[in-house]
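Make the full structure from the sequences, and use the hints.
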Amino acid sequence: MIGLSHYLVVSALLFSIGLMGVLRRRNLLMLFFATEVMLNAVNIAFAAISHFYNDLTGQMFAFFIIAIAASEVAVGLGILIVLYKKQGSLDLDELTTMKG
Amino acid sequence: MENILSVLVFFPAIAGLLGFVVNKESARVYGVTVAAIEFFLSLWLWFAFDNNNAGMQFVEMIPLIPDFGVSYYLGVDGISLFIVIMSTLMTLIGMISMNIAKNIKNMVITLLFLEMTMVGVFLSLDAIIFYLFWELSLVPMLYIIGAWGGPLRIYASIKFFLYTFMGSLVMLVGMLFVAYIYHDLTGVWSFALTDWYALVLPVSYQLWLFAAFFIGFAIKVPMFPFHTWLPYAHGQAPTIGSVILAAVLLKMGTYGFVRFSLPMFPDASVIAITPIAIISIIMIIYTAMVAYAQKDMKQVIAYSSVSHMGIIMLGIFAMNAEGIGGSVFQMLSHGIVSGALFMLVGVIYDRRHTKMMDEFGGLATVMPKYALVFGIMLMASVGLPLTIGFVGEFLVLIGFYNVSPIMTILAGTSIIVGAVYMLSVYKKSFFGPVTNEANRTLQDLDAKETISLVPLVLIVVWLGVHPKPVLEPIDNSVKAMLSFMDEKAITQEAKEMIKVAKSTQEIK
Amino acid sequence: MENLVYIALFAPLVSSLFAGLFGMSPRQTFVGIVSSALLFVSMSASLMLAYHVYQTGAPIYVTMKEWISMGDLFIPFGFVVDQVSVTMMGVVTVVSTVVHVYSIGYMDHDKSFNRFFSYLSAFVFSMMVLVMSDNFAGLFIGWEGVGVCSWLLIGFWYHKPDQSREENPSISPSWAANEAFIVNRIADLGMLVGIFILYWNVGSLQYSEVFAALPQLSEIILTTAALALFIGAMGKSAQFPLHTWLTDAMEGPTPVSALIHAATMVTAGVFLVIRANPLFSMTPEVSFFIAALGTFVAFFAASMALVNRDLKRIIAFSTLSQLGYMFAAAGLGAYWIALFHLGAHAFFKALLFLGAGNVMHAMHDELDIFKMGGLKKQMKWTYIYMGLASLALAGIPPLAGFFSKDAIIETAFNEGTLILWIMLVVTAGMTAFYSFRQVFLTFHGDERYKAFGIHPHEMYKFVLVALSPLAILAAIAGFFQGGFHDFVTRLLPEYQMSEHTHHLALVLGAIVLTFAVGGIALAYKKYANGLKRDEKTENGFLYKLLANQYYIPHLYEEIISKPYAMISDLMWKSVDLKIVDATVDGIAKFLYKSGDGTRKMQTGNLSNYLNWMAIGGIVLLVIAMLSAMLG
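Here the protein sequences come in this chain order: A, B and C. Sequential numbering of the first sequence, starting at 6, is according to my numbering. Sequential numbering of the second sequence, starting at 44, is according to my numbering. Sequential numbering of the third sequence, starting at 244, is according to my numbering.
No lab work stands behind these hints, which were simulated from the structure alone. Glycine included, C-beta positions come from ideal geometry on N, C-alpha and C. Treat the hints with care, since some could be wrong.
[Claimed, not checked] Here are a few chain C residues that sit away from chain A, every Cβ distance over 10 angstroms (derived from the structure):
1. F253
2. W443
3. L460
4. R552
5. Y738
6. Y793
7. L834
[Said to hold, decoys possible] In silico DSSO-like pairs for lysine-lysine, Cα to Cα no more than 27 angstroms straight-line:
8. C:K614 with B:K471
9. C:K821 with B:K338
10. C:K403 with B:K338
11. C:K403 with B:K412
12. C:K816 with B:K338
13. C:K403 with A:K104
14. B:K470 with C:K354
15. B:K511 with C:K308
16. B:K470 with C:K308
17. A:K104 with C:K843
18. C:K403 with C:K614
19. C:K836 with A:K104
20. C:K403 with B:K471
21. C:K354 with B:K412
22. B:K470 with C:K816
23. C:K403 with B:K470
24. B:K545 with C:K308
25. C:K816 with B:K471
26. C:K805 with B:K338
Spelled out as structure tokens, the structure:
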């Protein structure tokens, strides 16, 4: 029987994969993908818990997150394109002009 | 003149704002005129002052933030009256003697703003307003030192600002806490000092609050070991900055002790007598020795200021009318004498562009008038009877003798060590043959310097021979404060220590 | 009568201010004349007051105005003219008038002539305040006032450079002036403490109230008060160990030495003890200490005078020695005898000093008596004056010194303090010896000055005439002993010799006289026929010890002045800069450094930031878990 905990484990694994991506990747685009993975990990958890408690609020939130992630990708990719045009690279190690 | 105090506080500031439209050439004349009007206003205040009334006079009160009990609350009594007059006088004299070539207009405007804050501090009876003026006074001084100072001016001005600012923040916390307790006990907010006076606090609270206020005031005084900003500030400040700093700004600290610490925390003050006396004695002897070791004439005067402030601190904690009254008088006397001494150092600095004593020698031969004025101020500084310096020092020592004979003897060595460093300055600079060729052609005091120094000499002698007009109002207010403190004190030790003069009048 | 008091008191002040007006202008003789005239006015007023007090026996009290009033402390400017103060006023004004006139002649080539008169009159004013005040605070005004005037006058020739101690034992006038001021300040602290004790135990500083309240005070308070006041007196009267300034003060112009450092200011200490006699008579231990110290100083100072070669310093030592005599008398309770000796001493010592001034004037400021000799031909009158004064000092009848000093020595015998008596008698012999050693070396024998190309000449006529009152007083003052006794004992306690002493009076007198004459004879034998220097003695330990003033000035320099300067320097450079200030700067530096250090975290690399964020998140999670687990 697949229970709540299985979903949560999947969610946690996905989240960890996303986190590792955020920590290890140097390319901004990859960072984007990694954050998307983390968001979806959270979505899974939301949906599963919502189902478990019979409370639709969680699933509503999942939809919200999907909507926000979509708009985020739209705006974020736009920015990335401009950045790429300007700097010729999306490598984080080269984008350190805000150094203290 | 109902609103004389408001006029006194804000006239210089408004005149300072108008000063921006005055043209450069007439800036000094403008400044002197404003300062003179302000000085005469303060004299008028003295004239209208009722000597027999020991309480607050000319009180003005306008609620500002009624919900939190913050109000614009001014008043003057015998203790603050003369400090205000001394501030306006020293600003006027400083303005006359000022010898600054660059940006004189800015200097005049800055000084006028500074005057507002100084007068404001001594007249405020509301803690928030007091704090406001207290902190505002730092800004013009920061600018004066930082813009017109010597080579190390940035370091000195920032050190001055941050050091004193940090102290006053602790004091602010103390103030807020007092207001909080007041609210706790009475249900209403108030920052009015007169309301706070009525507050009887438990001794443990008093001790903490005393400590908080102590840090704010002690750095300003400056008490050992918080004094090291002073030599830098004086060393780097232009003459006018040193004059105001020594004459007035330092007095804010000692005034704060008299105005806040003593009447609000009588028991804690009595407990603090011994530690403060020890610090004061260290200040007196230690800084006098350091002064003796200096090579720079101005630094000697700067350290001597610390030494004299030690005497003032000692008197405040004598807990009797002789000591406290003597301290208040000594504040005036130190203001005038040290101000004059800094001006005198400025005189020679303007001519030779050095303050090092080994560059001088034999100045008495070349500049006899200068030597005469310096000599008179020197004697006032070492406390010669019939000069202003003696009255305060004598009263302080006689007052503190009742607290502790041994400590009084130690503090009394100030008359010896003070003479040692002052006389050695005089000998090194004024006596002996003229050894440095550059000194041979020096001009004696010119008209501007004479006009600014002679009034100070006259005051030094006048208040030394006839201090009564000043002592009487001080005496009344101090006696009233002491009898009030005695009533308010909780602990038996405090009641025993606070000595109410037999001749105290009924408080109106 | 009140007006007379004011005239006596303020004429010198007017004189000082008048002369001060011309202080920076070139020499003007009329300044000296006006000053002297004003001093003469003051003297006349004082003498009239003296006559008045003598006639009526009633003191005059004058209160001018309130000075300081604070708390319960009330100090007026009040003056009292009674038997003691009027005696002092007489002595002070007589001597100072003579000195003023003398200075017109003595200072005639000095470009600061006007300034000199201003200072000198200011001194007289301070001295008058000192003796006339009716309270301790007023006394202290005068006390400090004379101190400052003495500072100004010792350092009058401030332009002279510092020299080494070998060249000039007092280094320079300005150095000597500062030394005098500072040493006096040390003593003044004692005096202040005495005043404080009296105030807090009596509640007033008026003499009358303080003395009336003394019987109610405990013994310990009385003793400390008396001791503290006496410390003040020790400074002003240059008693051991605060004596070094007096000989160095000889750097001042000679009229100053005569007026301040012989006749008046240095006797202020004795005056204080006499003035506060009710206090001192109630504290026998302190009084005995005063007497013993006085006797010691009398002997000690005389011993240093024996070998000194400096004309003025010899007289300074003798002043010190005579002050010791006065304290001995006052300490033994014979206050009127002390006052009598004070007056008599003022006259003959001022005369001696002014005579020495004449010699200096003639010898172009040469002070070494080994370079003089045979001056009596050129300076007959000065010789007579100085000889007379020296005879008086040595205590040869019928001159003033005989009566006053003999009375003191008799008192020492009468009190049964035999050791003091012996020391005082021996000192009398030494006094005679060194005074006449000086007279003989200066005026008799071969004319050694010729080798230095000096052509001595007698002083101006008017100066010599002006000295005559002092000479007459030095000669005849002794005959007024009886009248003086009746006059002052109306105020001061009576002191009578016991029956036993009375019987022995002649024998005692003879012993003292023998010593005195012996001293003179010895001096005559050794020095009257020229100077024969004895290398062996001069290199002896004792001679060197005495000539270097027991090495006390060196000692003070080594154990006080130098360490003080060293510690001061250390305090500044090591403590103030390296500890106190460094701590403050250290705190500021720490804040700055920590900011500077953490700044490096701001790499600008987004990836790093994300790592930090993750670490922070994990740390927070762990903390949350731990706190949840720990409850």
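Verification of the supplied hints:
1. F253: Non-interface label stands for C:F253: nearest chain A Cβ at 77 angstroms, farther than 10 angstroms.
2. W443: holds, 65 angstroms
3. L460: The claim holds: C:L460 sits with its nearest Cβ about 75 angstroms from chain A, beyond 10 angstroms.
4. R552: holds, 81 angstroms
5. Y738: Holds, because the least Cβ-Cβ distance between C:Y738 and chain A comes to about 92 angstroms, which exceeds 10 angstroms.
6. Y793: At roughly 73 angstroms from the nearest Cβ of chain A, C:Y793 sits farther out than 10 angstroms, so the non-interface label holds.
7. L834: C:L834 is indeed farther than 10 angstroms from all Cβ atoms of chain A, at 17 angstroms.
8. C:K614 with B:K471: Distance ~34 angstroms between C:K614 and B:K471 Cα, so the pair is violated.
9. C:K821 with B:K338: Answer holds: C:K821 to B:K338 is near 18 angstroms, not above 27 angstroms.
10. C:K403 with B:K338: holds, 22 angstroms
11. C:K403 with B:K412: holds, 20 angstroms
12. C:K816 with B:K338: holds, 12 angstroms
13. C:K403 with A:K104: With a Cα-Cα distance of about 68 angstroms, the restraint between C:K403 and A:K104 is violated, given a limit of 27 angstroms.
14. B:K470 with C:K354: Holds, at about 21 angstroms.
15. B:K511 with C:K308: With a Cα-Cα distance of about 10 angstroms, the restraint between B:K511 and C:K308 holds, given a limit of 27 angstroms.
16. B:K470 with C:K308: This hinted pair is violated, its Cα atoms lying about 37 angstroms apart.
17. A:K104 with C:K843: holds, 8 angstroms
18. C:K403 with C:K614: OK: C:K403 and C:K614 at ~23 angstroms, within 27 angstroms.
19. C:K836 with A:K104: holds, 18 angstroms
20. C:K403 with B:K471: holds, 12 angstroms
21. C:K354 with B:K412: holds, 16 angstroms
22. B:K470 with C:K816: holds, 23 angstroms
23. C:K403 with B:K470: holds, 11 angstroms
24. B:K545 with C:K308: holds, 22 angstroms
25. C:K816 with B:K471: holds, 21 angstroms
26. C:K805 with B:K338: holds, 17 angstroms
This entry does not satisfy hints 8, 13, 16, going by the numbered hints stated previously.
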